[in-house]
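*Asks:* Chain by chain, the residues:
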Amino acid sequence: MTLLDLQRDFLGFLLDEPSDIPVAVGGSSGPGLAVYHNAYGGQLVECLKDSYERLWAWLGDEAFEAAARRHIAAHPPHSWTLADYGVKFSETMADLYPDDPEVAEIAALDWALRRAFDGPDAPAFDRQQLAAVDWDEAVIAFVPTLTLLPVKTNCGAIWNAIAAEEEVPAAELLPEPGWVRVWRVGLQPHFASIETAEMGAIQLASSGMSFARLCDRLSEEIGVETAVDAAGRYLASWVQDQMIADVR
Amino acid sequence: MPEETIAPFHGFGLGLRIPHFQNYLTEAVPVDFIEIISENFMGAGGRPIHVLDEVRDRWPVAMHGVSMSIGSADGIRSDYLARLKALADRIQPLWVSDHLSWSRVGEVNSHDLLPLPFTEEALNTVCANIEHVQDALERPLVLENPSTYLTFADDQMTEWAFLAEMTKRTGCYLLLDVNNIYVSGTNNGFDPYDYLAGVPADRVRQIHLAGHSQGQGRLIDTHDEPVPDPVWDLFARIYPRLGRVATMIERDDNIPPLQDMLDELDVARRIAGDVTAAAA
Numbered sequence: 055m056t057l058l059d060l061q062r063d064f065l066g067f068l069l070d071e072p073s074d075i076p077v078a079v080g081g082s083s084g085p086g087l088a089v090y091h092n093a094y095g096g097q098l099v100e101c102l103k104d105s106y107e108r109l110w111a112w113l114g115d116e117a118f119e120a121a122a123r124r125h126i127a128a129h130p131p132h133s134w135t136l137a138d139y140g141v142k143f144s145e146t147m148a149d150l151y152p153d154d155p156e157v158a159e160i161a162a163l164d165w166a167l168r169r170a171f172d173g174p175d176a177p178a179f180d181r182q183q184l185a186a187v188d189w190d191e192a193v194i195a196f197v198p199t200l201t202l203l204p205v206k207t208n209c210g211a212i213w214n215a216i217a218a219e220e221e222v223p224a225a226e227l228l229p230e231p232g233w234v235r236v237w238r239v240g241l242q243p244h245f246a247s248i249e250t251a252e253m254g255a256i257q258l259a260s261s262g263m264s265f266a267r268l269c270d271r272l273s274e275e276i277g278v279e280t281a282v283d284a285a286g287r288y289l290a291s292w293v294q295d296q297m298i299a300d301v302r
Numbered sequence: 008m009p010e011e012t013i014a015p016f017h018g019f020g021l022g023l024r025i026p027h028f029q030n031y032l033t034e035a036v037p038v039d040f041i042e043i044i045s046e047n048f049m050g051a052g053g054r055p056i057h058v059l060d061e062v063r064d065r066w067p068v069a070m071h072g073v074s075m076s077i078g079s080a081d082g083i084r085s086d087y088l089a090r091l092k093a094l095a096d097r098i099q100p101l102w103v104s105d106h107l108s109w110s111r112v113g114e115v116n117s118h119d120l121l122p123l124p125f126t127e128e129a130l131n132t133v134c135a136n137i138e139h140v141q142d143a144l145e146r147p148l149v150l151e152n153p154s155t156y157l158t159f160a161d162d163q164m165t166e167w168a169f170l171a172e173m174t175k176r177t178g179c180y181l182l183l184d185v186n187n188i189y190v191s192g193t194n195n196g197f198d199p200y201d202y203l204a205g206v207p208a209d210r211v212r213q214i215h216l217a218g219h220s221q222g223q224g225r226l227i228d229t230h231d232e233p234v235p236d237p238v239w240d241l242f243a244r245i246y247p248r249l250g251r252v253a254t255m256i257e258r259d260d261n262i263p264p265l266q267d268m269l270d271e272l273d274v275a276r277r278i279a280g281d282v283t284a285a286a287a
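Chain order of the listed sequences is A and B. So for the first sequence, my numbering puts the first residue at 55; every next one is plus one. So for the second sequence, my numbering puts the first residue at 8; every next one is plus one.
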C-alpha cells in the first residue's frame, strides 16, 4: 500500500467509510485505532462547542452533542484551520429544528461574532473629521467585520441573556422580520438589532453608492421627510457605534 | 539543506494560553521565552494578534504549529504556508516548529496528529515536504515527535532512526517531547531510554514536558495533568546531553493558575541544574 493510499484509507476509517486500515496497522493496534477515531469526532464536537457557546447553552449538552455529531457526519473538515470548522452549522440547525427558527438564528449569531472576533483590523473613522466631509460625493466604507443576519425571532435577546447569565426569555417571533448587524469595535465584537430599511441602507452604502444617492433612493422608497429622518438616524448610529472605517 | 541555522537558545518557558493572557500583559512573568500555537494567531486581526504583539515586545517567542501536516503524501497546502510565513515575518520567532505527523490528504483535514509509517517511502515524502517548507519559510524547520497510539505492519525502522535520518537529509531541527516519548513507548512497546540514546541530540533545540492520562488500553497525550515522575526521569537523563536548549511545560486542558505552572517550571529548572552539575 502506498503512503497516499494508506492516508486516504486512514481518513476513510475516521469518517466511518470502508477501509483497509485495520489490516495495515500492527496486530495489537485495535485500541490505538479507537483512540484516533474517538479523537477525530471528539475534537470536532469540542470545536463546535467553542464556536457555538450560546447555542450550546440554549440546547443543552445532549441535544447539542447530537446535533454536532449529525453535522460532523455530513461535513468533514476541509480548511487548513480548525477555526473554520462549523461554518455551515446554522444550516444543520435549520434542518434539525425547522419549527424552532431561533435555534439556527442563535447559531448564525454565534458564528458571526466569532468571525468578527479575529476578523481584519480597521480603526473607526474619526468623528472629528465628519464636518469636513463633502456629503454630496461621500461614500461610506464600513469596518470589514460588519455582517448582516436576517432574523425572525428574539435570538438577540436570548443570546444576551445567556451571555449575561440572566433569566433567558422564551423564544418568540418578532412582530415583523428584521436584521442583526454584527461588527467589532477595537477588540470587542458587538451586535445590534436593526430595521429592514437600515439593512437596505447598509447594503447600498456597502455597494459603493454615495450617501447622497443613498438618501435619494430612500426618498423614493419611503418619502422625502421620512427618508431624511431615517438617513440622519442611521448615519448617527453608524458613527456612534464605530461601524464606519472611512468616508471617501 | 537550508543555508541558515538555528542558534541554540537556553531557557525555560511556557505556552501562551487564553486563561493567562492577562498575566502576560500586566505582570513580570518569570519566563525566558513563550511558545504560541501558531494557528491561534493566524487570523486576520483582533485580540489574538494584539496580545501576541504585546507579548513579543517583552519575550522571545517560539512558534509551534499543529496544522502543517508535514507527512502528507500530496504535499503541503500553499495557503497555510503563506499565512504561517506572514506570522513568522511579523513576530520573528526563535523558530517555527510543527509535528512529525500528518493530518490531511486531498480535501479532508482531520485536524489530528495522525501517525506515519516508519518506511523509506514516508521518509522520502517527509524530507521532500520539509525542504519545500524550509524554502517557503526561508528558515529551518523544527519538528516534534508526536504521541502515537499504534504502529504499522510495514514499518522498516524505529522512530528515532527515522528522526536521525530526517535531520541528516534536510538539516531540520528537533523539538523533543519527552512526554510523547514515554506515551508512545508505553503504547507501542519500545524502551524510552533506547529512544533517548538513538535521537540526534545535537539537532534538538527545544524540549516539551507535559502530562498524560490513561485511556482504554493506551496512554493518551492529554496535556491536562502535571508532569509525572517517569517523564521527569527521562528529562533528567536526556538534558545533560543537549547543551543549550529551550525547555517548556505544555498544558492545554484543565489549565491551572499561572503560578502553578511557574512552580512546575521551577521543578524543571531545578532538575536541569542538578543533572548539569552532576555531569560536570
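By construction, these hints were calculated from the structure, which means they are not laboratory data. All of these numbers come straight from a predicted model, not from anything done at the bench. Note that beta-carbon positions come from the ideal geometry of N, C-alpha and C, so glycine has one too. Worth double-checking, as some hints may not be accurate.
[What the hints assert, rightly or not] Where chain B lies over chain A, by a calculated footprint (3+ residues, C-beta under 8 Å):
1) 128 to 137
2) 168 to 174
[Unchecked claim] The following label-pair restraints were derived from C-beta to C-beta distances:
3) A:Leu241 with B:Pro207: 40 to 46 Å
4) A:Ala120 with B:Glu61: 40 to 46 Å
5) A:Arg123 with B:Thr33: 36 to 42 Å
6) B:Arg176 with A:Val222: 55 to 61 Å
*Asks:* Against this structure, judge whether each hint is valid.
*Replies:* Each hint, compared with the structure:
1. 128 to 137: With 8 residues close enough to chain B, the hint holds.
2. 168 to 174: The restraint on the region 168 to 174 of chain A holds, since 5 of its residues have a Cβ under 8 Å from chain B and three suffice.
3. A:Leu241 with B:Pro207: 40 to 46 Å: At 43 Å between Cβs, range holds.
4. A:Ala120 with B:Glu61: 40 to 46 Å: holds (41 Å)
5. A:Arg123 with B:Thr33: 36 to 42 Å: At 41 Å between Cβs, range holds.
6. B:Arg176 with A:Val222: 55 to 61 Å: Distance hint for Arg176 (chain B), Val222 (chain A) holds at roughly 59 Å.
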